[in-house]
Amino acid sequence: MDETLAAQMAQLQARVEALEGAAPENRVSLVVFSGDLDKALAAFIIATGAAAMGMETMLFFTFWGTSLLRDPAKSVGGKDAMSTMFGAMLPKGAPKATLSKMNFGGMGTAMMRTLMKSKNVASLPQLIELAKEMEVKICICDLSMSLMGFKREEMIDYPGLQYCGVATFLEQAANSKVQLFI
Amino acid sequence: MDETLAAQMAQLQARVEALEGAAPENRVSLVVFSGDLDKALAAFIIATGAAAMGMETMLFFTFWGTSLLRDPAKSVGGKDAMSTMFGAMLPKGAPKATLSKMNFGGMGTAMMRTLMKSKNVASLPQLIELAKEMEVKICICDLSMSLMGFKREEMIDYPGLQYCGVATFLEQAANSKVQLFI
Amino acid sequence: MDETLAAQMAQLQARVEALEGAAPENRVSLVVFSGDLDKALAAFIIATGAAAMGMETMLFFTFWGTSLLRDPAKSVGGKDAMSTMFGAMLPKGAPKATLSKMNFGGMGTAMMRTLMKSKNVASLPQLIELAKEMEVKICICDLSMSLMGFKREEMIDYPGLQYCGVATFLEQAANSKVQLFI
Numbered sequence: 000m001d002e003t004l005a006a007q008m009a010q011l012q013a014r015v016e017a018l019e020g021a022a023p024e025n026r027v028s029l030v031v032f033s034g035d036l037d038k039a040l041a042a043f044i045i046a047t048g049a050a051a052m053g054m055e056t057m058l059f060f061t062f063w064g065t066s067l068l069r070d071p072a073k074s075v076g077g078k079d080a081m082s083t084m085f086g087a088m089l090p091k092g093a094p095k096a097t098l099s100k101m102n103f104g105g106m107g108t109a110m111m112r113t114l115m116k117s118k119n120v121a122s123l124p125q126l127i128e129l130a131k132e133m134e135v136k137i138c139i140c141d142l143s144m145s146l147m148g149f150k151r152e153e154m155i156d157y158p159g160l161q162y163c164g165v166a167t168f169l170e171q172a173a174n175s176k177v178q179l180f181i
Numbered sequence: 000m001d002e003t004l005a006a007q008m009a010q011l012q013a014r015v016e017a018l019e020g021a022a023p024e025n026r027v028s029l030v031v032f033s034g035d036l037d038k039a040l041a042a043f044i045i046a047t048g049a050a051a052m053g054m055e056t057m058l059f060f061t062f063w064g065t066s067l068l069r070d071p072a073k074s075v076g077g078k079d080a081m082s083t084m085f086g087a088m089l090p091k092g093a094p095k096a097t098l099s100k101m102n103f104g105g106m107g108t109a110m111m112r113t114l115m116k117s118k119n120v121a122s123l124p125q126l127i128e129l130a131k132e133m134e135v136k137i138c139i140c141d142l143s144m145s146l147m148g149f150k151r152e153e154m155i156d157y158p159g160l161q162y163c164g165v166a167t168f169l170e171q172a173a174n175s176k177v178q179l180f181i
Numbered sequence: 000m001d002e003t004l005a006a007q008m009a010q011l012q013a014r015v016e017a018l019e020g021a022a023p024e025n026r027v028s029l030v031v032f033s034g035d036l037d038k039a040l041a042a043f044i045i046a047t048g049a050a051a052m053g054m055e056t057m058l059f060f061t062f063w064g065t066s067l068l069r070d071p072a073k074s075v076g077g078k079d080a081m082s083t084m085f086g087a088m089l090p091k092g093a094p095k096a097t098l099s100k101m102n103f104g105g106m107g108t109a110m111m112r113t114l115m116k117s118k119n120v121a122s123l124p125q126l127i128e129l130a131k132e133m134e135v136k137i138c139i140c141d142l143s144m145s146l147m148g149f150k151r152e153e154m155i156d157y158p159g160l161q162y163c164g165v166a167t168f169l170e171q172a173a174n175s176k177v178q179l180f181i
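Residue numbers (numbering that gives the first Met the number 0), protein chains in the order written: chain A, 0 to 181; chain B, 0 to 181; chain C, 0 to 181.
FYI, nobody ran anything at the bench for these hints, they're computed from the structure. Ideal Cβ positions, reconstructed from N, Cα and C, are used throughout, including at glycine. Take these hints with a grain of salt, some might be off.
Here are the simulated distance ranges between beta carbons [to be verified]:
(1) Ala87(B) / Ser145(A): 41 to 47 angstroms
(2) Gly53(C) / Gln125(A): 39 to 45 angstroms
(3) Glu152(C) / Glu170(B): 46 to 52 angstroms
(4) Thr83(B) / Ser145(A): 42 to 48 angstroms
(5) Glu19(A) / Ala5(C): 20 to 26 angstroms
(6) Ser117(A) / Gly53(C): 49 to 55 angstroms
(7) Met52(C) / Met133(B): 42 to 48 angstroms
(8) Thr83(B) / Ala109(C): 42 to 48 angstroms
(9) Met106(A) / Gly53(C): 47 to 53 angstroms
(10) Cys163(A) / Val75(C): 42 to 48 angstroms
(11) Met52(C) / Thr83(B): 50 to 56 angstroms
(12) Tyr162(B) / Ser117(A): 18 to 24 angstroms
(13) Gly159(A) / Ala87(C): 48 to 54 angstroms
A few chain A residues that face chain B, going by a derived Cβ cut-off under 7 angstroms, partial list only [stated by the list, open to error]:
(14) Leu18
(15) Asp37
(16) Leu179
Chain A on its own, in the form it takes in the complex (with noise of 0.2 angstroms):
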């Protein structure tokens, strides 16, 4: 064996491999910070997308976003003045989420809703059931879940549900091929 060729050889396989190591997999990671229906159907319309193309997706919930994982069936207690307040006061979960814009005190989301269904759209707690089969990946931001004073109890029943924090975001990210802040 000739040796200064095995010897490039040998150094070029390990740069092969470090380029390997370092490309992004076939994955796409959203975080989800608006709370909005508009920008959550824009969510699961890419993720429920990605997946039915084959990519690994997974979506960070955080901030208002979290919002949208509350299961309105599910009501828990001993919550301090705050957190109440603040559980009052936003949508509990993605049947209550309302438009971004033209709400009109719930005049335009009702009129979107209503569009939604005659064209065949599916509606937002539909296409997160579309996520769960199509095994779209769900994270919850652990500070935020402190910060709106949310108690694990009363979130959707998602498979392999998780809480995790920035690092672990960002993370999937460095290593996903497309990365939105929605």
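Position chains B and C relative to chain A; hints supplied.
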């Protein structure tokens, strides 16, 4: 020829080819979700800036953003009641877009337009013209067109304007160096 | 030395070099477009989180975001009428930023600040201090400074603070693993 080395070479070539195939191209893909003047300006300034740097640039207009591409000079009939109402409530094209903050019933937006003129900053319609010249690609979300009740005949003339779904956006985005949700 | 193999090796080395040159660095580039407290918190939590993970992090402040970096303790004169008006209407620096939702004339924002304190979450000014220590880079959009009528002398003291255009942001973003528009 050294057979061991030749075999290693062939294997390494295949790995390098795979890396080359997966590496993102020199592209920028932006989702324009917002219909606000300020965010639309940001989208077009980034898009034309990227095009000026030789990056292939694509704007995917969805939800409120779709409204920015209506042509104020065009009008279409034959819409159902809901579409007519939506059409009337949303700003008709880029010249009518308003600020997301400090609009003050249009006064803030007028101030910003005056300010932009005095500082020789291109207006939104001018930036759209510039994007045309620089061959920024525009894709309008099919689903949003349907939801907003817009017809293709009322959209602006733009070379190569396409209507597409989220899958097309994701394919391009996964192949881009920069992706942003605006 | 086997000449065929040597030639193949040279060619492959060039391809690997090209891949290495194009691979994004371990960086995060964020556009801070919003001037809202909640989004600014998200931006700085992501930025300081990324810096803590050893990623080189850069924040590009534009439009409303620019206002977050004004120093409340500094005041400058010699502005034209429009700049003075804009300056008075926009929140003067991070301590004055308000929530994008549920501000309720400042009450919601005050509630959030109290909540953050009680949960030991760093305030926005504290996060900016942390970003300094962690060497997060800050770049302020030239064009926005001019549009908002801000002068450099009224901005906060921040080590290595730069003023730049969209091209600088795009160059960094194209070379980053994570890019977000906040």
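Worksheet entry | Range agreement (Cβ of Thr83(B) with Cβ of Met52(C), hint 50 to 56 angstroms) | 52 angstroms, holds
Worksheet item: Cys163(A) and Val75(C), beta-carbon distance inside 42 to 48 angstroms?
Response: 44 angstroms, holds
Worksheet item: Has the hinted range 46 to 52 angstroms been met by the Cβ atoms of Glu152(C) and Glu170(B)?
Response: 47 angstroms, holds
Worksheet item: Is it true that Ala87(B) and Ser145(A) lie within 41 to 47 angstroms of each other by Cβ?
Response: 44 angstroms, holds
Discussion item. Taking the Cβ atom of Tyr162(B) and the Cβ atom of Ser117(A), is their distance within the range 18 to 24 angstroms?
Written reply: 20 angstroms, holds
Discussion item. Given the hint of 42 to 48 angstroms, is the C-beta distance from Thr83(B) to Ser145(A) inside that range or not?
Written reply: 47 angstroms, holds
Worksheet item: Against chain B, is Leu18(A) within 7 angstroms by beta-carbon distance?
Response: 5 angstroms, holds
Worksheet entry | Range hint 42 to 48 angstroms (beta carbons of Thr83(B) and Ala109(C)) holds or violated | With a Cβ separation near 43 angstroms, Thr83(B) and Ala109(C) satisfy 42 to 48 angstroms, so the hint holds.
Fill in: Whether the CB-CB distance between Met52(C) and Met133(B) falls inside 42 to 48 angstroms
36 angstroms, violated
Item to complete: Hold the hint about Leu179(A) up to the distance rule: shortest CB distance to chain B must be less than 7 angstroms.
Response: 4 angstroms, holds
Worksheet entry | Met106(A) paired with Gly53(C), Cβ distance criterion 47 to 53 angstroms | Roughly 50 angstroms apart at Cβ, these two residues keep to the hinted range, so it holds.
Worksheet item: Was the hint right that Asp37(A) lines chain B, CB cutoff 7 angstroms?
Response: 6 angstroms, holds
Hint 7 from the list above is the single one not met by this structure.
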